[in-house]
Amino acid sequence: MTPTNQARALVLSRIRAALGVTGKDRKREEAVNERLRHHQRGTIPARARADHETLLQLMTAMLGSQGAEVTRASTPEEAVRAIADDLGAHDLPLAFRMGSDPVLAALPWDTAPALQRRIGRAEPHDRAALSRAVTAAAETGTLVLVSGADNPTTLAFLPETHFILVRADDVVGSYEEAFDRLRAIYGEGNLPRSVNLIGGPSRTADIEQSIVRGAHGPKRLHVVILG
Amino acid sequence: MDGASPQDFKQSAARALADAKLQRALLNVKRGFIVKRANAKAKLPEFDELRDEARALKDHTLLHLDLYLEAYERKVIESGGQVHFAPSAADARDIVLKICKDAGASLVTKGKSMVSEEIGLNAHLEAAGIEAAETDLGEHIIQIRGEAPSHIIAPVIHLNKEEIAEDFVRAHRGLPQDRSLSAVPDLVAEARALLREKFVTAEVGITGANLLIAETGSSVIVTNEGNGDLTATLPKVHIVIASIEKLVPTLEDACTVLRLLARSGTGQEITTYTTFATGPARAGDPDGPRQYHVVLLDNGRSEMLGGDFRAMLRCIRCGACLNHCPVYGAIGGHAYGSLYPGPMGAVLTPALYGIDHARDLPNASSFCGRCEEVCPMAIPLPSMMRKWRERDFERGDPPLRERLALRLWAFAAKRPRLYHALSGTIAPLVARLAGDRGRFTSLPFAGAWTETRDLPAPQGKTFHELYRKTRGNEAP
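Residue numbers (this note's numbering), protein chains in the order written: chain A, 6 to 232; chain P, 5 to 480.
Simulated from the structure, these hints should not be mistaken for laboratory data. Keep in mind the model is a prediction, meaning the values are calculated, not measured. Misleading hints may appear alongside valid ones.
[As the list claims (entries may be wrong)] With a straight-line cut-off of 30 Å between C-alpha atoms, the simulated DSBU-like cross-links for lysine-lysine are: (1) P:K418 x P:K465; (2) P:K14 x P:K165; (3) A:K224 x P:K47; (4) P:K473 x P:K14; (5) A:K224 x P:K391; (6) P:K45 x P:K14; (7) P:K240 x P:K165; (8) P:K40 x P:K25; (9) P:K165 x P:K40; (10) P:K34 x P:K47; (11) P:K105 x P:K240; (12) A:K224 x P:K165; (13) P:K40 x A:K224; (14) P:K25 x P:K14; (15) P:K14 x A:K224; (16) P:K34 x P:K391; (17) P:K34 x A:K224; (18) P:K391 x P:K418.
The task is simple: from the sequences and hints, build the whole structure.
The structure is reproduced here in structure tokens:
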């Protein structure tokens, strides 16, 4: 096995030899630093540049076409009811797991007293979970979840039923706008451990191109857009 | 892995053409991917513009790859992760094995990774007594069959569900022999239950990367099943294995590539899951790995940077060129005898393993040009295949008969009078021999061609005769 330092030097020197450059060329360094600093946007699809209500409609339509259920809740009470009704309608226990997200914690849970909330990361036997998307890109109905105690990543992958709540105000048009929201939270050049872009329930088309939902992750994704 | 090699291409292709089950399975490529991609592209009017931008951003990255790798490495370390450079496949295998041993691993879960296949990782881990469980449904099926994937994004596109059901009955022990596995959802449910146990007990999770981002030190995987995320999140150690050309500068650059990737591959607008992983779990995180390692594989790529095949390093492994290739559609992926089949494989395989090992692959093309047309990175695949043919010829490897025939042709072609005299005499003669059908189903000295296709006979006058006639006295 090539020793660590030698391996690094070898790969970099091979690249430089192939390109006919040195690692100490000011112009090249500037080109790289500029690009990283300015992180300029490419073409943003026209569909991502619309008024907010049109974006919410696009978000809903895209999610629907990708196999998710969507509820537009105009009040927090409606959001809570959507979750309770969903569990009831699917004969599931009135219980779910969630993290310590303050927006979720502030929902009027007392309006559905039978609904049990367990706080923390998902455990293998959890049947349902709730996460909040910090933002969402309407262009492809893409919800953006970030790791941490507020919304542990396992919630999005272990239980068979996953609820994601997103505030209508947090829905933007493009991926780029969504990443700018993350930059505002975490700072330039930094991301949390995991950023999960999610557009529907887990699926596979590996066998004969036939689409089956619930491959390894959730079999159902129910998105609640609040506001 | 099955024992096929690119050197057996002709025999393997002939076998594939005669394999009824394979031919039935391959119909799914046409019914699925091609239609879905066309629909997805039609719904995004900016597709071609994005394609130009993606090509430019990849070219820029490749020309500054050393610097972007250094920038990327700094960010990974800053976020608490570790970067390991692997000049060769053997280096990469050893690095991964050492991390697994240090973690005391006896079971490793794996997300789908072509680089893992390229370096033969599973066999290496198993030889050291570590179980490597593939968790992508297609890869799981491949693993229990002891085969290589036949497609870079759809590993079991060569199989029908009945064959997979037989494999499950054989390989999944301890389940009732008479259980129903006739429908695809039955198969999916069984694999889900079985692999769940692996996810929650594995000590190490290994994934590939569709992209690496220098700006943030992130690795990106795109999946539909969610297995990659369970692999990356549940074990205490996450290892990413990625080849060096996966790098892009910024999150914005990643967005541009992501808009093309799924649309070109599966024909989805975006895959169900796109995950950006950056370092290990942070303070206060209730889940996520304690260690995050990235193994950066070179294995011949740095050499490609300098020569005629640099553009191949733009490839994002979407599989569109396979899906639209008439040769791939006729014989499937295994016949190529290389992990990377189809047009992208015909260019990449000789670059990674040497043209002497893969001289039939760049020849397995009708040069219809569909691959380049659908490539989201606008890689000039046909002209690169042509370049490999040239190199192969220059090396003097082609059989004597091929070389003699080409020399004869070159001798005549350099002597216009002789050429015109010969073509003017021979063409009508051959046309007469072909009779009314205008084509040959067999022809002496051209057996290799006419065995699998007809040879059209020359029609009417030669090109030069027609040119003279229409252009009068203009000099050709």
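Tested hints:
| no. | hint | result |
| --- | --- | --- |
| 1 | P:K418 x P:K465 | holds (21 Å) |
| 2 | P:K14 x P:K165 | holds (28 Å) |
| 3 | A:K224 x P:K47 | holds (27 Å) |
| 4 | P:K473 x P:K14 | violated (43 Å) |
| 5 | A:K224 x P:K391 | violated (48 Å) |
| 6 | P:K45 x P:K14 | violated (35 Å) |
| 7 | P:K240 x P:K165 | violated (35 Å) |
| 8 | P:K40 x P:K25 | holds (24 Å) |
| 9 | P:K165 x P:K40 | holds (21 Å) |
| 10 | P:K34 x P:K47 | holds (20 Å) |
| 11 | P:K105 x P:K240 | holds (13 Å) |
| 12 | A:K224 x P:K165 | holds (21 Å) |
| 13 | P:K40 x A:K224 | holds (23 Å) |
| 14 | P:K25 x P:K14 | holds (19 Å) |
| 15 | P:K14 x A:K224 | violated (44 Å) |
| 16 | P:K34 x P:K391 | holds (29 Å) |
| 17 | P:K34 x A:K224 | holds (28 Å) |
| 18 | P:K391 x P:K418 | holds (22 Å) |
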